[in-house]
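Could you build all of it, start to finish, from the sequences and the hints given here?
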Amino acid sequence: MTDATTDDTRFAAVYSRHLPAISSYLSRRIDRRFVEDLAADVFAVAWTKRAAVAEGEELPWLYRIAANLVANHRRRQATGMWLVNALRSTDSAPSAEDIAVTDLTLAHAWRRLRPGEREVLALAVLEDLAPEAIARSLGISVNAVSIRLHRAKRSLAALLNDTKD
Amino acid sequence: MNTNSDHLSTRLRDSLAAHEQGPELSPELVTGASNRRAPQMVNRQRRGYVAGGATLAVAAVTVGALIVSAPTSAGPLFTASGTGNSNLGLSRAADSAATDLMVRDQINYQYEPGSGLSAAPGKGLAYQLKLAGSAELRAQELATALGVAGEPAQAGNVDPAYPTYTVGSADGTSESVIVTWSGTGSWWYSNPGEILPTSACEALPTPITPDARIAPEAGGCTPDPSQTPSSAPDEEKAQSLAQELFAATGFDVPTEDIRITVDPGQTLAEAYLTVGGIETALSWGISWSTTGEIVWAYGHSIEVVERGNFSTVSASDAVKRLADWRWFGAGGPEFASGVARLANDVVGNSTFGNSMSDPDATEQDTAEQEAAKKESELTQPTGSPNAYPTDTPLPEENISPAPAPEESETVVVTIDRAQETLLLMWDLEGNGWLVPGYAMQHPEGWWNTVASLEEGVIALPDPDELLKIKNTRVTPQD
Chain A
-8 MTDATTDDTR FAAVYSRHLP AISSYLSRRI DRRFVEDLAA DVFAVAWTKR AAVAEGEELP
52 WLYRIAANLV ANHRRRQATG MWLVNALRST DSAPSAEDIA VTDLTLAHAW RRLRPGEREV
112 LALAVLEDLA PEAIARSLGI SVNAVSIRLH RAKRSLAALL NDTKD
Chain B
24 MNTNSDHLST RLRDSLAAHE QGPELSPELV TGASNRRAPQ MVNRQRRGYV AGGATLAVAA
84 VTVGALIVSA PTSAGPLFTA SGTGNSNLGL SRAADSAATD LMVRDQINYQ YEPGSGLSAA
144 PGKGLAYQLK LAGSAELRAQ ELATALGVAG EPAQAGNVDP AYPTYTVGSA DGTSESVIVT
204 WSGTGSWWYS NPGEILPTSA CEALPTPITP DARIAPEAGG CTPDPSQTPS SAPDEEKAQS
264 LAQELFAATG FDVPTEDIRI TVDPGQTLAE AYLTVGGIET ALSWGISWST TGEIVWAYGH
324 SIEVVERGNF STVSASDAVK RLADWRWFGA GGPEFASGVA RLANDVVGNS TFGNSMSDPD
384 ATEQDTAEQE AAKKESELTQ PTGSPNAYPT DTPLPEENIS PAPAPEESET VVVTIDRAQE
444 TLLLMWDLEG NGWLVPGYAM QHPEGWWNTV ASLEEGVIAL PDPDELLKIK NTRVTPQD
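Chains as they are written, first to last, in my numbering: chain A, -8 to 156; chain B, 24 to 501.
Please keep in mind that the hints were generated in silico from the structure rather than gathered at the bench. Virtual Cβ for every residue (Gly too), placed ideally from N, Cα, C. Not one of these hints is a red herring.
Examples of chain A residues lying across from chain B (beta carbon under 8 Å, computed):
1. -1
2. 7
3. 15
4. 17
5. 23
6. 26
7. 34
8. 117
9. 144
10. 147
11. 148
Here it is, written out as structure tokens:
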């Protein structure tokens, strides 16, 4: 077996188990018809940088790649603000419209959160990541994650309260 | 255990239950990863590095030239895409049409003109934004202006109708300039190595910095300005430097029209294309890091062609267009918040609230950083820097119970203030236009923008046809 084949096999063995998680992550953030394509891109990027990933840290790293791809995808998809915001940050959290299907009040509050707050809440609540994994995924410290998460929950609760009023 | 927090989490999970399970993906996505070309990702927040005064050596090229052409004698000027996207206008318009219908199912906004609006029709100039030159030539010109070594290379894996040329690093790991030849021929430049001084960054584990093309909100280096004195230019110097760079890339703008924002992590210069004395949605920008180096810059490659003076409807008559996304056009920075909200309404892309688009964001963010710092001091257990702080218990009343599914709701919005302006619109081929329009202020204070051209001057897409296109489009799963 050549080194290349070994590398391929190892990569497949490690990363295949994350397919469902990446599928769910993408499905919550983009139109379903784009999921497979973006997932393929996620793993293509992961392949090119596989040597840099420590064992056990693959999933947060995949989320991070996916977040970048989702943000870029949304830039391409966005209307209205494309020119104004194309060169500015675009978040990769689930959209308010996804929430609005069942909970309009929550959707209004979610929309008014800052992008960073949405993202950290989504990773904690929806992807069920521990703060350490969120930190790896967002590229910030665990402390920063904790603070951002705390603020996000507080903000969301306050916004819900405002909406109720 | 925080019951309120748990309740909130549960409510969020429940709300997204329909999206919980993604499609089953083929293992070939992983096993075939080595054979798939990884997408070229560009961190648009991290671009731009200018090699000092070298930029002055380049003559202005294509932007801002005002060319007058004969007005059309028959037929519409163009067919609006109904979207703000320059690329693949037809496809995007189809998406918007479908999304618009979905949003309408929940809230039906009914717009009414108030007594403060004029009922007098008028006239207004329309302009076409035409790509000037060629992508390859433009890439070379910009590379010279920005001090990037190398020859233009065409990016693969892109629609040949919209070629993209790169000079410099192709993978985003070092400085590069990229030009995309569609829409307004937008360009951007990055030098990840100059993003921030190492000492000003939180330590990042190597595994999670696989590339430098990371959206800011998705992570990256978080600056701690207190650690390093900023060498970024002050406001006056930044204006002067920005004017030089903009001119070198073909955009001539008076110094006083360049907005400077100074915050602890960066100094940002922005200027908008002004046509007929009106700032448009088209912007150029530069950002310096605390090292004093430019970390990103962007702009466009257009000439402005006057296409005629056309009749416009009154502000009062234009109000009804607020309910029709096809009349939407992007206004200048004065109305950007309204643009953002409207865009959100149309496509469900929650970009509003983005700190970069919020003129008050810097101050607000600083205040929040202070608040967060205090909060951290209060909630962070001592002796354990990475410990997870306990949430402050939230008042029970802050959590409203999950409501029952709501019926379609009609909201009447009365518009009492409108301002004439120029709006950026896209045609179905992805070309940009500046057309007369109104910015209409909602009672809550934010703005919506709609074109004011009389019916027939431009053609509007047929929503039914767009939906057919969307529904028959071949998808990867097909």
